[in-house]
Amino acid sequence: MTDLIDLNNIHLTLADKAVLNIKSISIPAHQCTLITGRNGSGKTTLFKVISGLLKPNRATIEYQGLTLPWKKAKPILQKDFIYLHQNPYLFDDTVLNNIAYGLYRAGESKAVAHQKVMQALDWANLSHLAHRSAKQLSGGEKQRVALTRARILSPRLLLLDEPTASMDTDAKQQTSELLQRLKSEGVSILICSHETHTIDHIADHFLHLENGELTPASSSKRTSNVTVLNPSKKSI
Amino acid sequence: MNDLSQASLNAFQLLISGNTDIWEIISLSFSVSFSAILIATPFALIIAFCLAFFQFKLRRACIALFNTFMSVPAVIIGLTLYLLLSRSGPLGDLRLLFTHKAMIIGQILLCFPLLVAMAHATFQAADRRAWETAITLGAKPWRAFFTLVYEVRFGLIAAIVAGFGRVIAEIGCSMMVGGNILHSTRNIPTAIALETSKGEFAQGIALGIVLLVLSLSLNAGVSVFQGKGELQQ
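These protein sequences, in sequence, are chains A and B.
Take 910 as the starting number for the first sequence in our numbering and just add one per residue.
Take 7 as the starting number for the second sequence in our numbering and just add one per residue.
Derived from the structure by calculation, the hints contain no laboratory data.
We put the CB at the ideal spot given by N, CA and C, even for glycine.
Errors might be hidden in some of the hints.
As the list claims (entries may be wrong) - Part of the chain B face toward chain A, derived, beta carbon under 10 Å:
#1 130
#2 133
#3 134
#4 135
#5 136
#6 138
#7 139
#8 142
#9 143
#10 144
#11 146
#12 149
#13 156
#14 159
Next comes chain B alone, as it looks inside the complex (with noise of 0.2 Å):
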C-alpha cells in the first residue's frame, strides 16, 4: 500500500514538473490520434450519409460489414497491417513498419467503422426534412449535405469523440505497428505497459491519470452534446 501511495506521488510529481519524457510521450499519442481521427472522419460522414439516405445494392451488407468491423479486436487489425507492411509484406517496400504513419494507418483502421456506425445512426435519425428543404431551396447535393451535417452536429461530434476515445487508448495496433520506440513511436498506452513490465510504476500511474481524465473529459463531453442534441429534438 505504501509502495503505491508513493508511486502515486512520485506520478504527479512527474506530471507537474514537466517531464520531458513524460509529456512527449503524451504529444506523440495525441498526435497520432487527432491524425488519424482527422483523415478518418471526412470519409467516415460520407459514407454513412450514402448508407443512410441512398438505397443501392450491398446497402446492407455495407452497413453489417461496418458494424462486425467495429468490434474486430485492435490486435487483430495490427497483426494484419504488420503482415501488410513489413518487409516480406505486400506494401514492404513503402518502409512504413515501426514508424508514426504506420501508426495512424492502424488507428485509421481502428475508428473508421465506429465512425461510420455511429454517424450512420445519427443520419438515419436525421430528419429528412433538412435535406429536401435544402434542396428545394436551391442548395446542391454537397451544400445540402453540408446544411445535413451541422443539423445533426451534437450526434455526429459525439461519434467523433467516440471514435478519438477508442484510438488513443488501445495498445495492440500501435505495440505491433509502431513497436514502442523511445522518442519515435512510444505513446501512452504502450509506455504504460512498458513501464509496468519494468516495475517503474511511478510513470505508468501518471500516464494512466492522462488517460483516466481525458476518458471522463471525452465522456462528460459526449453526454453535453447529445444531451444538446436530445434538447433540440
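Same shape as in the complex, but just chain A (with noise of 0.2 Å):
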C-alpha cells in the first residue's frame, strides 16, 4: 500500500484553543479512509487544513516525493485535491453549468465542458437535472451534483465531509453507491462521517479525531476486515 500524502506536525489553534494537534497522518492511495469523531473534534477543520483552504499554524507535507511547508504545498493541495461541505454548495446556476465550472477553470471550450458534463451526468444517473437551477434540488441531488462536479476533475483525492448527513434512507443509498463506484475507480477518497454503518463497507481504513488528536479507531467504529492506521507513524 503506498501513501498518497503524509502529513506531519500538523498544529492549529484558533482563538487560543489548540483545534488540531496531529503529529503524523498518512492518506493511502486509490483507498478510502474514514474519519470518526464528535463535533467539534476537528475533522471538518482538518479536512480543509488537508485540502489548502485553511493555514495551520505549522504542518509540513510529504506529496510526491517532495517535503513542503503547508504554504508552500498549498497551491499544489488545492489542484489535487478536492473538498466537499457537509452541505455541498452549489452555485446559482444550472446543474450542467455547476459541473462544467472547474471544466472551465482548467480551461477547457464550452463544447467539450458540455459533452463532459453530460456525460459525468449519466454517469451518476442524474441527466434529467442537467437545466435544472441548482438552488431547487433536494439535499441527496445536490449531494451527487456534487460529488460528480469532483469526479469530472479527476482529482487526486476526494474529501467528503459527512456525505449522507441529514440525508433520507434512499438519498443515503444513492450516494453510497456513488461513492462505492468512485472507490472502485481508484480514486483516493477521505470521508469523515457520525455514521459510520452507512459509510463503514466502502471504508478500508479507520481513524478517530478526539479534541484534536488522531487516534486509532476502536473497535466497535469498524469492521474487522479493515486496517487501521497508525497517525503517528507512517501507514502500517
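Both chains come to you apart, so use the hints to assemble them.
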C-alpha cells in the first residue's frame, strides 16, 4: 500500500484553543479512509487544512516525493484535492454549468466541457437534472451533483465531510453507491462521518479524531476486515 | 394654492415639451453620478471583500472608519475638496475646481464609504462555502472573487443603487466644487436651489419631479433586488 500524502506536525490554534494537534497522518492512495469523531473534534478543520483551504499554524506535507511546509504546498493541494462540504455548495446556475465550473477553470472549451458534463451526468444517473436550477435540488441530489462535479476533475484525493448527513434512507443509499463507484475507479477518498454504518462498508481504513488528536479507531467503530492506520507513524 | 397648481402645470409642460435647459441639467446630473458610481464600485467591492474575508491588523478600525465616513455631510466633503482643489490648495495646479471632474471626484468620495459599508455587510453575510467551493474546484482567487460577486449580486446591486441614490440627490458637494455654472456644472439639486431662490418654481418643481420619480424607481429596484436575494437564501 502506497501513501498518497503524509502530513506531519499539524498544529492549529483558533481563539487560543488548540483545534488540531496531530503528529502524523498518512493517507493511502486509491483507498478509502474514514475518520470518525464527535462534533467539534476538528474533522472539518483537518479536512480544510489537507485541501489547502485553511492555513494551520504549522504543518509539513510529504507529497509526490517532496517535503514542503503547508504554505508552499497550498497551491498543489488546492489543485489536486477536492473538498466537499457537509452540505455541498452549488452555484446559482444550472446543474450543467455547476458541473462544468471546474472544467472551464481548467481551460476546457464550452463544447468539450458540455460533452464531458453530459457523460458525467449519465454516469451518476442525473441526466434528467442537467438544465434544472441547482438551488432547487433536494439535499441528496445536491450531494450527488457535487460528487459528479468533483469526479469530472479527476482529483487525486476527494475529501468528503459527512456526505450522508441529514439524508433520507434512499438518498443515503444512492450517495453510498456513488461513493462505492468512485472508489472502484481508483479515486483516493477521505471521509469524515458520524454515520459509520452507512459508510463503513466502503472504508478500507479507520481513524478517530478526538480533541484535535488522531487515535486509532476503536473496534466498535470499524468492521473486522479493515486496517487501522497508526496516526503517529507512516501507514501500516 | 393657485400659484402652486400653475407652477406644477408649467413644470409638466417644461418636461414634456423637451425644454433644452431642463434636459441638459438632467443629463449632466446622470452623467456625473453614473461616472462616480462606475469608478467607485470596483474599488469599493474589492475593499469590502477584503474586509469581510481576510483577517489583518486594523481591519476593525477600517470598518469603523468607513461606517463613520458614511454619515459625513456632503457639504463637509465639498468644503474639504474645495480647499484641496482651489488655486492656493495642494491640488490647485490641476485646475479641476468648478469642472465636471471635480463633481465626479466629490461624488466618488461621497458614495465610496456607503458602497464599502453596504458591500461589506453583503460579503459578510455571504455563504463562505461559495468561496471555498470555487477555490477547491480550481478557480484562481480573482475568479473565485467574481464567482462570489455573482452569488451575492442582488445585495451588491442594492448597495450600488443606494450609492447612486446618495449622489444623484446631493447638493452640498456639487455646489461647492461644481459652482452651479449653467451649461457646465449645473445639476438637478443645484438647479432646484437656484431656481427656487429666484422664484422660478416651475423649473424647480420639474426637476423635483425627476428626482422624486428617480427616488421611487430606485427604492422599488432595491426592494426587488433584496427580495430576489432573500428568495435565493
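How the hints compare with the structure:
1. 130: Where the cut-off is 10 Å and the nearest Cβ of chain A is about 17 Å from residue 130 of chain B, the hint is violated.
2. 133: Holds, because the Cβ-Cβ distance from residue 133 of chain B to chain A comes to roughly 6 Å (cut-off 10 Å).
3. 134: Cβ of residue 134 of chain B sits 9 Å from chain A, so the hint holds.
4. 135: Hint holds; residue 135 of chain B Cβ to chain A Cβ min 4 Å, cut 10 Å.
5. 136: 6 Å, holds
6. 138: 5 Å, holds
7. 139: Cβ of residue 139 of chain B sits 4 Å from chain A, so the hint holds.
8. 142: 5 Å, holds
9. 143: Since the shortest Cβ distance to chain A is 4 Å, the answer is holds.
10. 144: 4 Å, holds
11. 146: 8 Å, holds
12. 149: Holds - the Cβ of residue 149 of chain B comes within 10 Å of chain A, reaching about 6 Å at its closest.
13. 156: At about 7 Å, which falls below the 10 Å cut-off, the nearest Cβ of chain A leaves the hint on residue 156 of chain B intact, so it holds.
14. 159: 8 Å, holds
Of the numbered hints stated above, the single one contradicted by the structure is hint 1.
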